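K.L.:
Make a model of the complete structure from these sequences and hints.
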Amino acid sequence: MARLDAETYHIPVMLQECISYLAMAPGGVYVDGTLGGGGHTAAMLAVASEDSRIFAFDADEKAIEHCQIRFADELLRGETSRLALVHANFDTMAEVIDQRVVSQGGAVNGILLDLGVSSFQFDHHHRGFSFRHMAPLDMRFMPEGETAADILNTRTEPELAKIIRDFGDEPQAWRLAKAIAQRRQLARFATTADLRDLVIQQIPPHHQPKTMARLFQALRIAVNRELERLESTLLSVIPLLAPGGRIVVMSYHSGEDRVVKNVFRGNTDTLNTITKKAIEATPEEVFENPRARSARLRVAERRA
1 MARLDAETYH IPVMLQECIS YLAMAPGGVY VDGTLGGGGH TAAMLAVASE DSRIFAFDAD
61 EKAIEHCQIR FADELLRGET SRLALVHANF DTMAEVIDQR VVSQGGAVNG ILLDLGVSSF
121 QFDHHHRGFS FRHMAPLDMR FMPEGETAAD ILNTRTEPEL AKIIRDFGDE PQAWRLAKAI
181 AQRRQLARFA TTADLRDLVI QQIPPHHQPK TMARLFQALR IAVNRELERL ESTLLSVIPL
241 LAPGGRIVVM SYHSGEDRVV KNVFRGNTDT LNTITKKAIE ATPEEVFENP RARSARLRVA
301 ERRA
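Our numbering puts the first residue of the sequence shown at 1, with every later residue one more than the last.
Calculated directly from the structure, the hints in this document are not laboratory data. This one's a predicted model, so the numbers in the text were calculated from it and none came from an experiment. No incorrect hints appear here.
Subject to a maximum C-alpha distance of 20 Å in a straight line, what follows is the list of computed EDC-like cross-link-like pairs (lysine to aspartate or glutamate):
no., residue 1, residue 2
1, K210, D169
2, K162, D150
3, K261, E228
4, K210, D166
5, K261, E226
6, K276, E17
7, K178, D197
8, K210, D194
9, K261, E301
10, K178, D150
11, K62, D73
12, K276, E301
13, K210, D197
14, K178, E159
15, K276, D257
16, K162, E146
17, K261, D169
18, K261, D166
19, K277, E17
20, K62, E144
21, K178, D166
P.N.:
Listed below in structure tokens is the structure:
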């Protein structure tokens, strides 16, 4: 099976399903809220009409720089370009689209959100996203706010257990929280090695890689308040959709999927859920791209 490393994160997940569910029409306005390496944006451009517009968002400057090169031919078209790269997080999407589209009498025909960690975040070893690389325990997408080390060194044992359980789906959440609280009395957490060593001491060897991945994921979600931001973003963009416009969301964690499902179900007056159950990747795709194993795709459409 393919190794789950940085290269894997360059492969867009459920690409054909995403494009199919977007149901792109001529002259439409579409948003890729999570540009990353540009895989989904490239597929959107491949089927977009000449009078369509695509806005692609990413807070990571390296992702924007990469896609400026990747889509140079399209961007060099100037005013006739179908693509606009926006250096901003997806939680500013509603404000930007309101200014650029809605205020001019337009509406959005489709929005795509791929909530996985992008290849560029994965490759930023100095941010401490991966247990495979020695780095400070930062994990912030943006430079402000508390770090992963701050959370590990200050949160109570019950708070830590809740973070690890709810955001990491980790069955050993209480055991790890207790070990963290005990360890920080001897020395504060500072690097990824500190956290990796704790897992090695507490968890049997054959469970260590998955536990490390879940623990790092849980801290990343907590540091960046990802579930809160996801919910507020979804609620803010629903009014921007044209009648028949679709929102396609791909999540990789049960907490994310729960937020998406609850927002869709809680807004049945304006949204019709297209996917009654979350769509999963095929076994063939999972074999080629292990990252797809945990992906869940949900789609809703704005009512007329």
